[in-house]
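A.B. asks: One letter stands for each residue in the lines below.
2 protein chains.
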Amino acid sequence: MIRRSEVIAARERAAAMVRKAGVFITDAEKAKIEVVDFGYGDLSRFGMSLLTLVSTDRIGVKLLTLFPRQTEPEHWHPPLGADPGKEETVRVVWGTIFFYVEGPDTVKEGFVPKGKESVYTLRHELKLGPGDMLYFPPGKKHWFQAGPDGGIMYSFSSVARDVLDSFTDPDIVRVTKIVED
Amino acid sequence: MIRRSEVIAARERAAAMVRKAGVFITDAEKAKIEVVDFGYGDLSRFGMSLLTLVSTDRIGVKLLTLFPRQTEPEHWHPPLGADPGKEETVRVVWGTIFFYVEGPDTVKEGFVPKGKESVYTLRHELKLGPGDMLYFPPGKKHWFQAGPDGGIMYSFSSVARDVLDSFTDPDIVRVTKIVED
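Chains as they are written, first to last, in numbering that gives the first Met the number 0: chain A, 0 to 180; chain B, 0 to 180.
Don't read these hints as lab results, they were simulated from the structure.
Incorrect hints may have been included.
Copies of the same chain are indistinguishable here, so a pair counts whether it falls within one copy or spans any two.
As the list claims (entries may be wrong) - Taking lysine to any residue and the SDA-like style, the derived pairs with C-alpha atoms no more than 20 Å apart in a straight line are:
no., residue 1, residue 2
1, LYS126, VAL158
2, LYS126, ASP26
3, LYS113, PRO77
4, LYS31, THR88
5, LYS113, GLU33
6, LYS126, TYR39
Predicted model, so just to flag it, every value in this text is computed and none were measured.
Using the sequences and the accompanying hints, generate a full structural model.
C.D. replies: Encoded structure:
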């Protein structure tokens, strides 16, 4: 749960980062940036700012902005009916984003959020900078975290149904609750 | 048919435009830019420079660069088997691109290529600048042309099979032939 003023401030900050990185977004798009807290209510540690550019029943395109050291919790995209689940290719456009995937523990420049060790099971660190891409087949678990300056990336995917995403941490609430202040 | 030296020059020019527009591409990506002449052999009038960022059996993401006044001929994306055809959303990131779609003739700032009137049947002009997007359902005919400074856009689509694209002009050759010089 976060306050309305936090949402507005996060949106401003994300839009400023995006524009400084040279990615053009309109003012109407800025107003549509979704501030996600994953139910933790602590944007300084967890969450992201999300601008959906395309959402059809076949494809999804999003621009994700992470503040410095902000973490998106471990998750995967489950199947639904005939859909094997969302496949996703990310492409970093600015900053640094560490991805954590299956493989030997190589956590080095990023970190597992304190007190959350049991719900961040993947410890193989990949460091992505501008122009770097990663492909996640449907169902493939992953989590990610921005470097010291934050990070911005595109997510190109098959049909996106965010509310269906599965998270390792049972405490997560995917739909951000906003309280007026 | 175009010469190798033309391909190299067009690739350099497109990459410079892309980078000047603030879109980060790697040198490896620059080297992969596909220069398309549609068989006309005249890049000053027809063609585009195409960088495929993502191509899976579910989605396609491309970055298209058009030189000033360069035209992509009228075409559509036909069905194939169970696939109803490619759906496509374009998003302009820099410059101006005129799109021509079904509707009343409003050609004003762009132009129908001289001597090609019969194979450019769509005359409803839409002017797109940075942040503007257009969605084309499968099978929907369209053509486009850059404004006086050229234009850059993303194409976000379902699976892309360019060689299957259908063109109104029967003279078009989708796979560019390059002669060594």
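A.B. asks: The structure should be examined with respect to each hint, and the outcome stated for every one.
C.D. replies: Evaluation of the provided hints:
Taking the shortest alpha-carbon separations for LYS126 and VAL158, neither the intra-copy value of 26 Å nor the inter-copy value of 28 Å comes in at or below 20 Å. In this homomeric assembly, LYS126 and ASP26 come within 20 Å of each other (Cα to Cα) only across copies, at 19 Å, whereas the closest approach inside a single copy is 31 Å. Taking the shortest alpha-carbon separations for LYS113 and PRO77, neither the intra-copy value of 27 Å nor the inter-copy value of 52 Å comes in at or below 20 Å. When the C-alpha separation of LYS31 and THR88 is checked against a cutoff of 20 Å, the pair qualifies only between copies, where the shortest distance is 19 Å, while the shortest distance within a copy is 22 Å.
Proximity of LYS113 and GLU33 under a CA criterion of 20 Å is satisfied in neither setting, with 26 Å inside one chain copy and 47 Å between copies. Proximity of LYS126 and TYR39 under a CA criterion of 20 Å is satisfied in neither setting, with 25 Å inside one chain copy and 44 Å between copies.
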